[in-house]
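Turn these sequences into a full structure, and let the hints guide you.
Protein chains in written order, with the working numbering: chain A, -12 to 228; chain B, -12 to 228.
Because the hints were derived from the structure by calculation, they are not lab data. Check before you lean on any hint, since a few could be wrong.
[Stated by the list, open to error] Covered by chain B, per the in silico footprint, the following chain A stretches (three or more residues, Cβ under 8 Å):
no., stretch
1, 19 to 31
2, 90 to 102
3, 114 to 124
[Unchecked claim] The calculated label-pair distances, taken between Cβ atoms and stated as ranges, are:
no., chain 1, residue 1, chain 2, residue 2, range
4, A, A101, B, D178, 24 to 34 Å
5, A, A60, B, S197, 25 to 35 Å
6, B, T55, A, S63, 18 to 28 Å
By construction, the Cβ of each residue, glycine as well, lies at the ideal position given by its N, Cα and C atoms.
Protein chains: 2
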Amino acid sequence: AIAGRAAALFTSGALAGLRVVITAGPTREALDPVRYLSNHSSGKMGFALAEAAVDAGAVTQLISGPVTLDTPAHVSRRNVVSARDMLAASEELAPHCDIFIACAAVADYRPLQAAATKIKKIHADSMELALVRNPDIVATIAALHPRPFTVGFAAETGDPVDYARDKLQRKNLDLIVANDVSRSDIGFNSDSNAVTLVWPAGSRVLDMASKNTIARGIITAIADLYTHRGQEGAVPQSPPP
Amino acid sequence: AIAGRAAALFTSGALAGLRVVITAGPTREALDPVRYLSNHSSGKMGFALAEAAVDAGAVTQLISGPVTLDTPAHVSRRNVVSARDMLAASEELAPHCDIFIACAAVADYRPLQAAATKIKKIHADSMELALVRNPDIVATIAALHPRPFTVGFAAETGDPVDYARDKLQRKNLDLIVANDVSRSDIGFNSDSNAVTLVWPAGSRVLDMASKNTIARGIITAIADLYTHRGQEGAVPQSPPP
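This is the structure we're talking about:
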């Protein structure tokens, strides 16, 4: 397997010679040195994508929030904590890549103030926490000139495809990977996932499978769309939208 | 080591024949199926305490928030997510134990409302999150009649001992383990820790060491204090308060 992967890395594969940057895991937004706001995310999907990208021949970089996963072989990894850290790393690495995959579950709000020392317990029964909007990392990268082929994720409850198509257009993305996080059998800390791929000219369902299998399906679709970009009706095997 | 531990478990040890319940890790307080509020805590200190309690001969139960640690040998484990889950498990198990050690980093506030479906991103630059106070688990257990020997933790920034003594009296605890979480070399995800033990009649510093060594020091102090409970000036080797 190592020899096979090394061969793919240097000689062949659907992404041979391309540079891929992938964000993964959650971000944590500090209230103080003890407390934080975060999102459920094990990082497994992003790490599986990194492994699949390496197998497809790409030079692959991970920008990872706090997770407890080992770095896949042949992947270089940058660790970050907050959304602003992740944006800074993305802005540094994305201009030098061909494909940017924003798989991280970025906290969309952070506390207005992060205290330097622990906030002592207030003996009030309730309190209001002031939050401010975090930067939108995938939209920021998609707005670069020139921009990489940009892939976003949409973790939604209920039917996520309509929301994904709206997000695709609003953020000027090339592909959205949508999944329904209200299903307890997929997503988050699970080893399985089921997703719908939504791009400007079509969509395709990847049925429930291991995150490794789903990752290979996503990377294959990205390679097809990247190769045929600018052509009407890319990814010939797709059903009409 | 296994033979030694099994021997201690069944025949001897400072806590032989006693039942110990230990809470460990963080709690997570859901805003919706995706977002949550939490505390930094790897669970390592609580799990090290469970291992040390087993080594001292105690029948040991862990109530653990979301962590990525393996359960120590001979420890029974109950997994929980929120502070209210942890309280329910503690109220169920504590009345049947001799010693209750509240090592978990419990979130002191939770969102007033936890939405059943993901809150769609609001395109506001800021928002207010309404929080309500969580139950105080260690104070609830310390108020039981009869009550177990009850140990709390105080993770504070700056000099924590004065705050710990106030907390000891206010919550009617038998022992507080205080540590300074503003030091980057100890606490949280570190494998080392340094703590100050504070009980009604004295205090003692445990210098920086591995969490396993600190855990054995805490368990030894608990065994001394438990054995001499009701006697003035328990733990003879302690300096005056």
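Three or more residues of the stretch 114 to 124 of chain A near chain B by CB distance under 8 Å? Coverage by chain B holds for the stretch 114 to 124 of chain A (7 residues, Cβ < 8 Å).
Given that the stretch 90 to 102 of chain A was listed as covered by chain B, double-check it with a C-beta distance under 8 Å for 3 or more residues. holds (count 5)
Taking a Cβ-to-Cβ distance below 8 Å as contact, does the stretch 19 to 31 of chain A have at least three residues touching chain B? holds (count 8)
Holds or violated: the 18 to 28 Å window for the beta-carbon distance between B:T55 and A:S63? Distance hint for B:T55, A:S63 holds at roughly 23 Å.
Within 25 to 35 Å or not, the Cβ separation of A:A60 and B:S197? Hint holds: Cβ distance 31 Å, inside 25 to 35 Å.
Supplied distance hint 24 to 34 Å, evaluated on CB atoms of A:A101 and B:D178: Once the Cβ atoms are compared, 26 Å apart, the range 24 to 34 Å for B:D178 and A:A101 holds.
Hint check: no violations occur; every hint is consistent with the structure.
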